[in-house]
Amino acid sequence: MALSMVLSPLLSVVFRLAADSLITKICHIHGLDNYRRKLHRQLLAIQEMIADAEERRVESQAVQEWMKDLGAAANEALDVLGEFQYEALRQNAISQQSCASAKVIKDFFTHENHLVFHYKMRNKLTKVLGQIDEIVTEMNKFNFIRRDPTPTIDRETHSFVVESEIIGRDSDKEKVVSKLMDPKQVRDNVSVLAIVGMGGLGKTTLAQMVYNDDRIKKHFQLFMWVCVSTEFRVTNISKSILEVATNENDISISNKEVLQSRLQGILGRKKYLLVLDDVWNEEKEKWDELRTLLFSGAGSGSIIMVTTRSKEVAKIMGTLPSHDLEPLNDEDSWMLFQKRAFDVTVEEPSEELYAIGRTIVRKCVGLPLVVKAMGGLMRTKREMHDWRAISENNVLNGLRNSKRNINSIMDG
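Under numbering that gives the first Met the number 0, the first residue of the sequence shown carries the number 0, and numbering increases by one thereafter.
No lab work stands behind these hints: they were computed from the structure. Please note that the accuracy of each hint is not assured.
To be verified - Think about it this way: if two alpha-carbon atoms lie no more than 25 angstroms apart in a straight line, the pair counts; the simulated DSS-like pairs of lysine-lysine are:
#1 37 <-> 119
#2 37 <-> 24
#3 178 <-> 119
#4 314 <-> 183
#5 183 <-> 217
#6 269 <-> 183
#7 67 <-> 123
#8 269 <-> 255
#9 183 <-> 216
#10 314 <-> 24
#11 217 <-> 269
#12 178 <-> 67
Unchecked claim - Simulated restraints on C-beta separations:
#13 242 <-> 334: 34 to 40 angstroms
#14 40 <-> 157: 27 to 33 angstroms
#15 145 <-> 382: 30 to 36 angstroms
#16 28 <-> 158: 33 to 39 angstroms
#17 145 <-> 263: 45 to 51 angstroms
#18 242 <-> 294: 16 to 22 angstroms
#19 125 <-> 287: 35 to 41 angstroms
#20 268 <-> 181: 18 to 24 angstroms
#21 242 <-> 33: 35 to 41 angstroms
#22 169 <-> 140: 48 to 54 angstroms
#23 252 <-> 60: 25 to 31 angstroms
#24 60 <-> 358: 24 to 30 angstroms
None of these values were measured; they are calculated from a predicted model. Don't be surprised by glycine CBs; every beta carbon is placed ideally from N, CA and C.
Generate the whole structure from the sequences, applying the supplied hints.
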């Protein structure tokens with residue numbers, strides 16, 4: 000029972016990582032993208048069946064054993080994907096070094112080192128894919144019923160937020176609001192600020208908090224929120240911006256000159272705040288094309304706020320220093336978990352339950368998305384043995400290892 004409760008959140012994290020833009024890029028560079036794409040396809044196939052598997056595990060020991068194997072393989076995949084993310088961040092850090100040290104670093108990252116990484120990671124991917132292939136083969140014998148998984152990549156977001164439900168992001172909000180309203184920093188006609196962080200940290204939530212702040216509402220004249228996600232199509236994004244700004248639906252303009260003229264008319268030299276949420280595009284040419292459309296009609300002091308997982312996106316789009324979002328600290332994670340897991344109006348949890356809960360929270364490594372998911376799951380479980388089983392289970396331990404690798408290069 001305990002394993003099934005953590006498998007879905009874990010698979011969701013691994014699935015998102017397998018499609019991460021940084022990981023995709025580094026796999027392509029090292030000639031390993033075919034392995035990554037196969038892993039992504041296999042994970043999707045498993046996600047489509049996992050809901051039925053979780054229902055049938057109670058009556059089938061074989062399904063329970065299969066789910067244990069799946070948890071172990073998912074952890075292995077998480078570790079491997081974490082290494083790719085680490086390498087991508089490391090190479091980004093190298094590319095941003097000063098010219099004086101660039102040659103030394105380049106000499107260190109030799110052709111031989113490139114080959115060593117290629118063969119090491121190819122072997123690790125091959126091993127993980129072998130485990131996943133066996134799991135999928137066995138899964139097909141169970142004849143699980145296919146169900147559509149919860150979408151994890153392409154998603155619609157919105158500007159509304161219940162701020163009383165947010166924990167641990169007040170300091171981040173104040174820093175971003177201060178940047179957006181500081182005339183010493185916002186000197187251009189249009190400035191771009193990127194909020195950067197790994198998936199599940201709450202970048203969209205932070206952007207919502209800033210977008211709805213009373214000071215921001217008084218500071219800007221026009222507000223627009225557009226979810227971009229993986230497809231960065233300039234015409235589609237421009238039409239979405241127009242639809243939000245005019246409250247019109249299904250704008251059918253396709254000519255870019257007409258789009259630019261219409262945007263100029265709507266923006267009308269107003270000081271605007273535009274949020275482009277969940278941006279993955281790392282092609283500078285596409286951003287330059289959109290920037291031309293957005294900058295021409297802007298009022299002085301306008302802001303485009305971008306949320307992204309990619310430092311490269313922040314680099315090509317941002318004109319202001321990016322805001323790098325960090326995981327929640329232990330106390331904020333615990334407060335968030337308590338709001339989801341405990342209903343103190345019904346019954347005050349025991350001290351032992353609190354202690355076990357803290358152990359579970361530490362395994363969530365400060366990721367609000369995971370903390371909330373685990374809190375919601377544990378809310379339905381009041382038996383001590385269920386909580387203890389979760390706290391002793393190692394399925395979520397891979398999150399900590401992955402986070403540790405990523406943090407080491409970010410702090411270096």
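Taking the CB of residue 242 and the CB of residue 294, does the distance hold inside 16 to 22 angstroms?
-> 20 angstroms, holds
Mind checking the hinted window 27 to 33 angstroms against the Cβ distance between residue 40 and residue 157?
-> 30 angstroms, holds
For the pair supplied as a hint, residue 37 and residue 119, confirm whether the alpha-carbon distance does not exceed 25 angstroms.
-> The given pair, whose Cα atoms are some 18 angstroms apart, holds under the 25 angstroms limit.
Please work out if residue 314 and residue 183 have their alpha carbons no farther apart than 25 angstroms.
-> Judged against 25 angstroms, a Cα distance of about 20 angstroms means the pair holds.
Verify the proposed pairing of residue 178 with residue 67, using a straight-line Cα cut of 25 angstroms.
-> 47 angstroms, violated
Does the Cβ pair residue 145, residue 382 satisfy 30 to 36 angstroms?
-> The hint (30 to 36 angstroms, Cβ to Cβ) holds, given that residue 145 and residue 382 are roughly 32 angstroms apart.
Given the range 24 to 30 angstroms, decide if the beta-carbon distance of residue 60 to residue 358 lies inside it.
-> 27 angstroms, holds
Cβ-Cβ distance between residue 125 and residue 287: within 35 to 41 angstroms?
-> 40 angstroms, holds
Does residue 24 lie within 25 angstroms of residue 37 when you go C-alpha to C-alpha?
-> Holds, at roughly 15 angstroms.
Under the criterion that the straight-line Cα-Cα distance not exceed 25 angstroms, is the pair residue 269, residue 183 satisfied?
-> OK: residue 269 and residue 183 at ~20 angstroms, within 25 angstroms.
Keeping to a limit of 25 angstroms between CA atoms, is the pair of residue 178 and residue 119 held or broken?
-> Answer violated: residue 178 to residue 119 is near 43 angstroms, above 25 angstroms.
Between residue 217 and residue 269, does the CA-CA distance stay at or below 25 angstroms?
-> Roughly 13 angstroms separates the two Cα atoms, so the pair holds.
In this structure, the hints that do not hold are numbers 3, 12, 23, in rising order.
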